[in-house]
Amino acid sequence: MAVGILGTGSYLPAQVVTNVDLAARVPDADPDWVARKTLIEARRFAAPDEAASDLAAHAARAALEHAGVAAAEIDYVVVATSTGDSPQPPTSNLVQNLIGADRAACFDVNAVCAGWVFALGVANGLVATNPGALVLVIAVDVYSRILDFGDRRTAVLFGDGAGAAVVGAVPDGFGIIDLELTSNGAANGLIYVKAGGSRLPASPETVAAGDHYFRMNGRGVRDFVATAVPPALTALLARSGRKAGDVDHFVPHQANGIMLQELVTAAGLESARTHLTLQRYGNVGSASLPVTLDDANRAGAFRPGDLVLLAGFGGGMSLGACLLRWGR
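With the working numbering applied, the sequence shown covers 96 to 423.
No lab work stands behind these hints, which were simulated from the structure alone. From the three backbone atoms N, C-alpha and C, an ideal C-beta is built for every residue, glycine too. Every clue listed holds true.
Here are the in silico distance ranges between beta carbons for each label pair: (1) Ala297 - Ala361: 37 to 47 angstroms; (2) Pro143 - Gly363: 40 to 50 angstroms; (3) Ala330 - Gly227: 29 to 39 angstroms; (4) Asp318 - Gly227: 41 to 51 angstroms; (5) Ser335 - Thr224: 16 to 26 angstroms; (6) Asp125 - Arg240: 16 to 26 angstroms.
Modelling step: build the complete structure from the supplied sequences, incorporating the hints.
Written out as structure tokens, the structure reads:
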């Protein structure tokens, strides 16, 4: 028995925010400059009455339908997010209630933009120890609620959305081959939200200072991706006796289009088909990888037996990669 993906789903909010729309809100965010520097042309923002659990529930229902699995059959609901509805309860419990997965154990995972691959690793372990289990693995982020629209460096990159997959047993020869999960806590200052936790609780002063906004050292993140991700992917492939040229499909976190072009070259993945959705959706945080996976899956890009490489990376800093043989 192996562990693999039985079905995928995603949800993007209805509101489309183009670079032209954003330029009216973000100082010096020239639409052509944004497209040239990031390859992002639009993103989606959640409606005022939509929270992370709402987006996640939509994606979950789509994945369940695609897998042919009822919500009542799900044993675990794992939600990867850094922008949950609230500090507690876990967003996964809210999703369980919305979709009717009443018998499932629920918990959240926070590895920021690498979160979905980390959650996939957890699901792999759960099914490996209980071969009959079904795990609903969801990633959702609502970055529009924590962006500083006065900061051109970050405000132009992010959008909102959710992606999901049902994970369970698949025939031998298919499914997850190996995972690579790494973290570098010394680089914790590259991506952060300063206030709102136990170290700096919410107060009138923190709100006035803008300490609840998302902050990122873009150059530092780019250096991290350039130095940490290619060797991690090489190590993952080598453990299974494979090399970059064997990969049929590369599905990366949709951080920045120019950065991803550089990553593909540095990792030697030019012969693989790299799947991108950032032109339409921007960087959807932890959800960007499963959103892109679902987009490619529903377009018929994957054939049974194709070798698929997933890579997520983000705040922490954290890095998650997964090599799998497509098919159930």
